[in-house]
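Undergrad: Line order of the protein sequences matches chains A and B. Residue numbers for the first sequence follow the working numbering, beginning at 7 and rising by one. Residue numbers for the second sequence follow the working numbering, beginning at 1247 and rising by one.
Everything labelled a hint here was simulated from the structure, so no lab data went into it. Incorrect hints may appear among the rest.
[Claimed, not checked] Straight line, CA to CA, 25 Å or less: simulated DMTMM-like cross-link-like pairs of lysine to aspartate or glutamate:
1. Lys1277/B to Glu1290/B
2. Lys1277/B to Asp132/A
3. Lys1288/B to Asp173/A
4. Lys250/A to Asp119/A
5. Lys245/A to Asp1263/B
6. Lys1289/B to Asp159/A
7. Lys245/A to Asp159/A
8. Lys1279/B to Asp132/A
9. Lys43/A to Asp53/A
10. Lys1302/B to Glu1283/B
11. Lys43/A to Asp20/A
12. Lys1277/B to Glu1261/B
13. Lys1277/B to Asp53/A
14. Lys1296/B to Asp159/A
15. Lys1277/B to Asp187/A
Quick caveat, the model's predicted, so the values are computed rather than measured.
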Amino acid sequence: MATTTNYGWTTPDDTALVKDGAAAIRTLGSSIDTTTKNLNPSTTLGDIEYRSATANTNTRLAIGSTGNVLTVSGGVPVWSAPTGGSFTELASGSLPTNANNFTISSISGAYTDLRIELSGARVTTDDNIYLRLNGNSGSVYFATDFEGSGVADSTAGTTCRLQGSTDSATGNGFTYAIILDYTGSHWKIIRSAFMVPNASTPANARGQSYLNGSTITDAITSINFYTESTNNFSAGTYKLYGVK
Amino acid sequence: MSRPLIVEHNLETNEIDEREMNDAEYATYLKDKANFESLQEKKEEAEAAKAAAKAKLEALGLSLNDLKALGLG
């Protein structure tokens, strides 16, 4: 009996009788069906296949959990949670231009640190942008300000400093902050820095770095940004990443 | 009179909602606004005092460099 080159499906010989044609076609169809299923064992949305130890037989791998990455274990692919060094974008968008107050809430506790980025953030007047955690506006914050002049000054108060006064018309500024171990039951550190167009001479850059802290011991689940003057934001985008 | 808006990006629902500030948020807003205005007033007063002092010096025929020369600047 003749067979196909790649999968060895049985086909009629040239000398086979016409009366046996139906059986031959049925045998060939059945072989094709079996081979196709062996090569494509998927059953569910998100399944993928990989080559097994048996020729022409793939193994089905069901989709992993949200945030999983594809890695290798025992010589075959498996889905698993990232073990470190990963950034996950949790939120992004434009700062509201009809408000001076913007909150990111219901932040997952599944990460080690949080990283905040503001790009081109501006206010209708040259203004500072501040930050609070968990909606807490009590005297639970301090900020140490490091400037290029070598001057450092510390203040205790009801807010964290995030971005200093910037030109209200120039959108080249960038600000970031990292909240370390934000779910830990200890005081928090918020490290931030910004580089913005100088309010009085926009062509010049103004950069500063802050070491902010807070005596809040709860896990951080919301971050509130607001303008010092209470004037509305006029432009800019935000991003929040979970860091592992 | 309507209160200022607060905009919230809820990561559980991934929805962005805007609403008027509640009582606690509005109280904080007013406090922040008052603090800012107070700081602005102090800043303006300090600038005015500096300008007045400079004018007095000039009336006496002195400059800031003269004060520095005396170790006062």
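Undergrad: Please write out, lowest number first, the hints stated earlier that are contradicted by the structure.
TA: 7, 10, 11, 12, 13 and 15
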